[in-house]
Amino acid sequence: MTLLVPTHIQCKTKVKCLCVMVFLSLPLTMGDPGPCRHSITRDHLLTIRHLIDNQLQSGCSITYTFIEQRSLNKCCYVKAAMPWILELLTGHFRYTRGSDNHSYVLSLTGLIHNIYSQRCVPQINEELEDDPVSFGMSFSSSPSEALGRVQDVLSVYWELVTTMDSPVDWSCEREYTDTAEPPTALPTALSLTTVSTLWDSEKALRLV
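Take the position in the sequence shown, starting the count at 1, then add 14; the result is the number in this note's numbering.
A portion of the hints provided could be inaccurate.
What the hints assert, rightly or not - In the EDC-like style, the derived pairs of lysine to aspartate or glutamate whose C-alpha atoms are separated by at most 16 Å in a straight line are:
hint, residue 1, residue 2
1, Lys88, Glu189
2, Lys88, Glu187
3, Lys88, Asp166
4, Lys88, Glu173
5, Lys88, Asp183
Unchecked claim - So the derived label-pair ranges between C-beta atoms look like this:
hint, residue 1, residue 2, range
6, Thr55, Ser180, 19 to 25 Å
7, Asn68, Ser180, 35 to 41 Å
8, Thr110, Thr177, 36 to 42 Å
9, Arg56, Asp145, 30 to 36 Å
10, Arg108, Arg63, 17 to 23 Å
11, Thr55, Ser152, 28 to 34 Å
12, Ser152, Met178, 29 to 35 Å
13, Pro181, Ser156, 34 to 40 Å
In short, the hints are calculated from the structure, not lab data.
Ideal placement from N, C-alpha and C gives every residue a C-beta, glycine not left out.
Produce the entire structure from the sequences given, and follow the hints as far as they go.
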């Protein structure tokens, strides 16, 4: 015996199926930023805070290059500053293996490496984007102040990936276009090879 299904029920069933198919076809990144939401935690922010607190409040100063935000939006500021965080940590903050400060630095450099490896922040594409070196500046300050700049960038990144419901737009073609002449004393921006080399050097320190 053939059962006749009312047309309106058939239509509702088809609509439901269609909605499910459309939902499944949407990229996962359309709603939840995915693993990048968990790429940085409050523990990482506490780690940089502990490292700052452990610095001498007076005495030596260090000279380093870092990115100024100026007209950059939050995304492009973080993207431009990430390589310089890695260089700052590996170049100026070396401690005895096994010490608290050594562990803090390893945790923070590992954080940057994981952010890159998970592609949560893309490398600067010099084929499409201008070199953001013109937003860099040479500083001479206390280690605490230098780490404070790192803390600011990581706090902005944490805000971006934990509060936004949609994927972060890391396109910075327009943002990195700056008519101002870059400081003559500044080195060129760190390339992907340089970032990888810095990370390899840091891993080698663990074996020393």
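Quick check: which numbered hints come out false for this structure?
-> none
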